[in-house]
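Undergrad: Using the hints, position chain R against chain E.
There are 2 protein chains.
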Amino acid sequence: MTTQRPLPSALAYVPFVSVDNMMRLVNHLGAETLLTELADYIEADFKRWPEFDKTPRIASHSADGVIELMPTADRENYGFKYVNGHPANMKRGFQTVTAFGVLSSVANGYPVLLSEMTVLTALRTAATSALVARYLAPRDATVMAMIGNGAQCEFQAMAFRAICGITDLRLYDIDPAATDKAARNLEAEGFAVTRCASGEEAVQGAQIITTCTADKQYATILTDNMVGAGVHINAIGGDCPGKTELHADILRRSDIFVEYPEQTRIEGEIQQLDPDHPVTELWQVMRGEAEGRREPRQITLFDSVGFAIEDFSALRYVSDLVRDTAFFEPLDMLADPDDPRDLFGMLRRAVD
Amino acid sequence: MTTQRPLPSALAYVPFVSVDNMMRLVNHLGAETLLTELADYIEADFKRWPEFDKTPRIASHSADGVIELMPTADRENYGFKYVNGHPANMKRGFQTVTAFGVLSSVANGYPVLLSEMTVLTALRTAATSALVARYLAPRDATVMAMIGNGAQCEFQAMAFRAICGITDLRLYDIDPAATDKAARNLEAEGFAVTRCASGEEAVQGAQIITTCTADKQYATILTDNMVGAGVHINAIGGDCPGKTELHADILRRSDIFVEYPEQTRIEGEIQQLDPDHPVTELWQVMRGEAEGRREPRQITLFDSVGFAIEDFSALRYVSDLVRDTAFFEPLDMLADPDDPRDLFGMLRRAVD
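Keeping their order, the protein sequence lines are chains E and R. So in this note's numbering, spot 232 of the first sequence is number 298, and the numbers just go up one at a time. So in this note's numbering, spot 194 of the second sequence is number 260, and the numbers just go up one at a time.
A few of these clues could be false.
Heads up, the list lumps identical chains together, so a pair's fine if it works in one copy or across two of them.
[Said to hold, decoys possible] Calculated lysine to aspartate or glutamate pairs in the EDC-like style (CA-CA distance at most 16 Å, straight line):
#	residue 1	residue 2
1	K157	D404
2	K120	E347
3	K157	D405
Quick caveat, the hints were computed from the structure, so don't treat them as lab data.
Extracted from the complex, chain E is given alone in its bound form (with noise of 0.2 Å):
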């Protein structure tokens, strides 16, 4: 029997962003716009925190590393992320980390959007530093050290030019091929990079430091003399329990920000300090609830974890991004049978 093959119908078809298509939207965009964006979709959603349903990432821990579920919602939208971390990954010729996420309509439950989130949590990550930054980083702030030159690296680099006016960029990493790499990615990006063999040379001049490496240990990247008056820090690297960059004298001369306490106590820097240590929420200084920076000498840290609020924004702008545009596939992954009661029937007729 050769009867016609019934189509789905388009509510059966979920918008899908490959690594290729978000590799294209960014090119075609411009990085430095799509991170400006980016970032002003996050300080949207940082604005109204209070709405958001929170809860703590759900994590499967093994041997190896770590697969975790990052969901979180508000009225209209319920956003998840999976991504994995495990740190042999390099060396076997995986990713540490890979990431996908999906955005759904909490009025009906079906998903809306399906993304790669590998490349957009390099981005949201960047978009997130840079946007805090702008609260809290000196105004006139033009030369940043970049400690750690890993992948995460040059989304930093071009989202703090975007949004606070960096222009000069001052390299480390314990292995100078990363360096290179990063440098070389930089200076065609149009910036003035200065390599150097040093943390301590690396941060001569910086008003902005940027730590960012990515050793599963307590490391101490940043020890206490290397820190003037007035600095502002983005430590991103010290996100997950027995992980932290920065000696703990440090986070003690330091006025801390924060994405979500619950989370950041267990997985940031401040691991390191007494559970009821003062921190500032970073969402409370968007509402002008909290104070940013006070005065010129004062010392910020952003103590960067990611959170899921984050990755719903990030989800949330590219599912906007994404509309009326040929930078996605259409991905059959909603069953929707004509009768809803007959999905025995639309397989049984899908017979061909």
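TA: Below, chain R without anything else, positioned relative to chain E:
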């Protein structure tokens, strides 16, 4: 500049089973073969129950419904299902329940399968019911009453024929159109079908009673006088807080078998009973560590709510099944740069 656009490496691709491919797969293999093989996977996983990392599902509730993530893992694989439940959807032309799932490698955190799970959940629910009935129902059962003839009905019937030898079906639904739909589908599959005017009529002469209704409320589909000695009850529809189908008196006369007591006491029929009412865990029955049916006059009850391990088994089965077939599409979902630290360079090289 027009250089050769590099193709993503094999590592970037995740096999994706669309709704269309899932339906082709069922029709290619035959629903009964697939249900039987799927039940074998579920049984194998129930038999190694203690090896699994078990978490209650993570639910996000709203006025309109619920969106849930159901993760679980063994030493080799991690799996999760996304599933929504929106009772008002059907009136608005959407499915009440849609689902998809992902299976990953615990060793490196990479997804190895993305699959539609609306059809697959119907299949795994039916396979689980029939598998459980093989341990609990009277050995010579050939007649099954089915109260509630919605989307799940035909899948249950097919599984019970393939796995338990059921040939005669007695159908009843408060909506005669649902019964007509199910009867039409099931007669075409070769069942002897009796359309009944009431639940009381449907249970006459049945050795197995399947209840599968959808109303989200405390309902009484079966009253105490309808259930005779020796019957096995397969209760599918009492599956969330506030939703039950059986009168509590039936529960008190039955030996009750459950998937995961922590979840069933909240979601199942037994939410009507004391929190310490004795129940038997099915994995222990399958391992021979607890008794199933003891004697002919005993009433056995499977209080089915659906557990993450069944979805895990289903994903594991589909992953094995589609390997080396054409029933999946490779999805470019994972960023996989040549140099894992050069995500930015990969992005820039993607300019075309």
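Undergrad: Each of the hints needs a verdict: does it hold here or not?
TA: Here is what the structure says about each hint:
Taking CA atoms no more than 16 Å apart as the test, K157 paired with D404 passes between copies only; the shortest distance there is 13 Å, against 50 Å inside one copy. For the homomeric pair K120 and E347, the shortest alpha-carbon distance inside one copy (14 Å) is at most 16 Å, but the shortest distance between copies (33 Å) is not. Proximity of K157 and D405 under a CA criterion of 16 Å is satisfied inter-copy only: 11 Å between copies versus 51 Å inside one chain copy.
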